[in-house]
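**Student:** Chain order of the listed sequences is F and G. Our numbering applies: residue 1 is where the first sequence begins, and numbers increase by one. Our numbering applies: residue 1 is where the second sequence begins, and numbers increase by one.
Honestly, I wouldn't trust all of these hints.
[What the hints assert, rightly or not] Dumping the calculated DSSO-like pairs for lysine-lysine here, alpha-carbon to alpha-carbon at most 30 Å:
1. F:K56 / F:K171
2. F:K69 / F:K35
3. F:K396 / F:K374
4. G:K113 / F:K171
5. F:K69 / F:K111
6. F:K324 / F:K374
7. F:K324 / F:K35
8. G:K113 / F:K324
9. G:K141 / G:K113
10. F:K171 / G:K245
11. F:K35 / G:K141
12. G:K3 / G:K113
13. F:K171 / F:K396
14. F:K171 / G:K3
15. F:K69 / F:K56
Hints are computed from structural coordinates only; laboratory data are not their basis.
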Amino acid sequence: MTTQPYNLPDARGHFGPYGGIFVAETLIPALAELKDAYAAAQRDPQFVAEFEYELKHYVGRPSPIYHAKRLSEEAGGAQIYLKREDLNHTGAHKVNNCIGQAILARRMGKKRVIAETGAGQHGVATATVAARYGMECVVYMGSEDVRRQAANVYRMKLLGATVVPVESGSKTLKDALNEAMRDWVTNISSTFYIIGTVAGPHPYPMMVRDFQSVIGNEAIPQMQELCGRQPDAVIACVGGGSNAMGIFYPYIPHEDVRLIGVEAAGEGIATGHHAASLTAGHPGVLHGNRTYLLQDENGQIIETHSISAGLDYPGVGPEHAWLKDSGRAEYATITDAEALQAFHTLCRTEGIIPALESSHAIAHALKLAPTLPKDKILLVNLSGRGDKDMHTVAEKSGITL
Amino acid sequence: MSKIQATFERLQAQGRKALIPFITAGDPGPELTVPLMHTLVEAGADIIELGVPFSDPMADGPTIQRASERALAKGVSLRQVLGMVANFRADNNETPVVLMGYANPIEAMGVDKFAAAAFDAGVDGVLVVDYPPEESVEFAKAMQANALDPIFLLAPTSNDERIALVAQLASGYVYYVSLKGVTGSAKLDVEAVAAHIPEIRAAVGVPVGVGFGIRDAATAGAIARISDAVVVGSRIIEEIEKSSKDDVCANVNAVITELRRGVDEATKV
């Protein structure tokens with residue numbers, strides 16, 4: 001493991017061999033403008049103060065850390081603590097990043113924001129901040145997802161956004177991302193593209209990580225106060241990987257803390273119906289960066305599966321690819337069935353309904369805890385609440401709402 | 001001298017401009033690609049840009065994406081595309097062929113393996129849409145080591161620094177994207193394009209082709225007057241899309257013939 005100070009990405013957005021800028025020439029100047037504007041904003045105390053103010057007063061931060069005692073007892077081993085991102089306004093960590101990018105957009109004089117969304121969580125968070133700052137908002141969503149996530153589509157419309165169904169390709173998240181990129185390249189001067197995860201061309205993976213790292217930056221003093229020490233492991237689910245980067249990043253120099261990302265194994269890695277890019281994929285280039293991808297032997301991107309729409313993506317943020325290769329983080333997988341079981345366990349033992357995404361991280365903690373003594377500590381990033389998943393869970397349990 | 005360079009020198013000596021049509025390999029079916037390539041040449045194409053289908057063609061508009069989807073539905077892979085070029089070469093050893101596509105299928109094969117296989121198949125140039133010059137230094141070396149011209153894009157938004165970056169790596173020609181947006185977009189401002197071409201040509205030292213938004217003989221002619229080559233893609237794909245297997249070659253022939261007429265009449269001395 002490296003003892004060098006961690007200062008990635010490099011100036012051109014590389015995390016070792018991953019990341020970078022892999023887009024057509026037409027997008028390059030927009031990314032350069034964004035990179036410069038973000039660098040200037042980071043150095044501007046007024047920008048930083050506004051971001052912090054919004055997180056406190058609009059989102060409701062800091063989010064607490066909660067000792068899930070009954071869950072820990074049920075697991076029988078290490079103590080499980082939850083970082084409660086589910087308590088944020090809009091119900092997940094996504095809003096942290098959307099606020100950062102929206103106030104950056106305003107600073108850059110962009111009056112129109114666009115976003116891609118899968119299940120609709122990032123779309124809802126983007127529509128929320130667009131309403132908050134009085135910006136025009138267009139959300140691209142695969143037509144298949146529009147059909148499956150009618151409630152979130154309605155939510156976005158209530159918030160004043162235009163939802164554009166995408167009919168191309170597999171009609172899901174990756175196609176929505178392609179379409180949002182096309183909008184951006186066509187409307188570059190007026191439009192800011194709010195990417196929802198730590199993927200895409202530089203500076204997005206770095207910028208989204210920075211905005212989300214409020215999670216880990218809060219957790220470190222909170223753990224110190226609660227337990228007098230840092231956890232033995234930090235566990236977070238990984239789709240694109242923004243909630244995981246948000247909590248991992250401040251912990252990278254804490255070399256005694258294991259960082260464990262949990263990918264979606266869907267119906268099982270062996271079935272091929274999963275979304276575990278780091279575990280079962282190969283490095284390649286998609287959506288503007290080099291990273292691990294689920295692809296066929298000819299380099300075509302393949303369709304993914306997970307019970308949780310937020311993890312259903314064939315790529316992963318490039319910094320996770322680097323953390324995997326460098327050994328600083330480890331990556332496990334959890335199936336649909338295991339995640340569902342963890343969902344029910346947390347509901348029953350703690351009165352907390354977790355998002356199906358976060359249920360993957362809970363499930364891994366429930367596997368790991370019994371292998372460890374009672375004085376060990378696991379910190380799980382509970383990235384979102386599960387209200388949005390009622391329909392899916394009921395359906396899996398054979399109940400019609 | 002590369003086949004692409006020789007083509008431009010021959011055209012220049014004749015006072016003519018290059019017509020570069022684009023089709024997606026495997027669209028509408030793999031068996032039609034080689035016949036379509038011969039059709040393009042018969043109707044007046046000087047260089048062929050052959051699209052390698054990809055599942056996520058981010059820089060393309062809906063027309064070319066649909067072409068990619070039709071080809072992928074028939075299982076067309078990069079390996080097969082190289083086979084099509086080799087078949088084309090059995091009857092045509094003159095017309096340069098440029099592969100145009102995205103990085104991932106090439107990286108899945110391996111850049112060095114691809115470069116050698118492309119050379120063996122008779123490919124002359126490669127344009128990887130999502131490889132900007134700063135990520136292409138090794139790639140360009142691998143191409144040139146196999147006598148392949150690395151072709152790069154430039155856009156109205158490219159500044160002097162970027163033009164200089166491309167100039168260091170590019171051979172064959174550069175492809176100037178004439179408008180903001182994706183392939184198949186509607187509006188093209190010829191005067192705005194004309195204002196950029198001389199400085200680009202002077203900086204890159206290779207011919208400059210212009211594409212995106214060229215749909216008819218008149219526009220093709222106007223672009224031919226101010227550039228070295230006219231690239232046409234979506235207009236041809238639309239013709240392929242609405243044709244049957246029996247009349248697709250004849251219909252494409254008619255479109256190219258008309259574009260050729262537009263280019264030649266506009267540049268007649």
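**Student:** Now, for every hint given, state plainly whether the structure supports it.
**Tutor:** Hints, verified against the model:
no. : hint            : result
1   : F:K56 / F:K171  : 37 Å, violated
2   : F:K69 / F:K35   : 44 Å, violated
3   : F:K396 / F:K374 : 33 Å, violated
4   : G:K113 / F:K171 : 33 Å, violated
5   : F:K69 / F:K111  : 47 Å, violated
6   : F:K324 / F:K374 : 28 Å, holds
7   : F:K324 / F:K35  : 26 Å, holds
8   : G:K113 / F:K324 : 27 Å, holds
9   : G:K141 / G:K113 : 13 Å, holds
10  : F:K171 / G:K245 : 28 Å, holds
11  : F:K35 / G:K141  : 28 Å, holds
12  : G:K3 / G:K113   : 21 Å, holds
13  : F:K171 / F:K396 : 23 Å, holds
14  : F:K171 / G:K3   : 41 Å, violated
15  : F:K69 / F:K56   : 27 Å, holds
The earlier numbered hints that this structure contradicts are 1, 2, 3, 4, 5 and 14.
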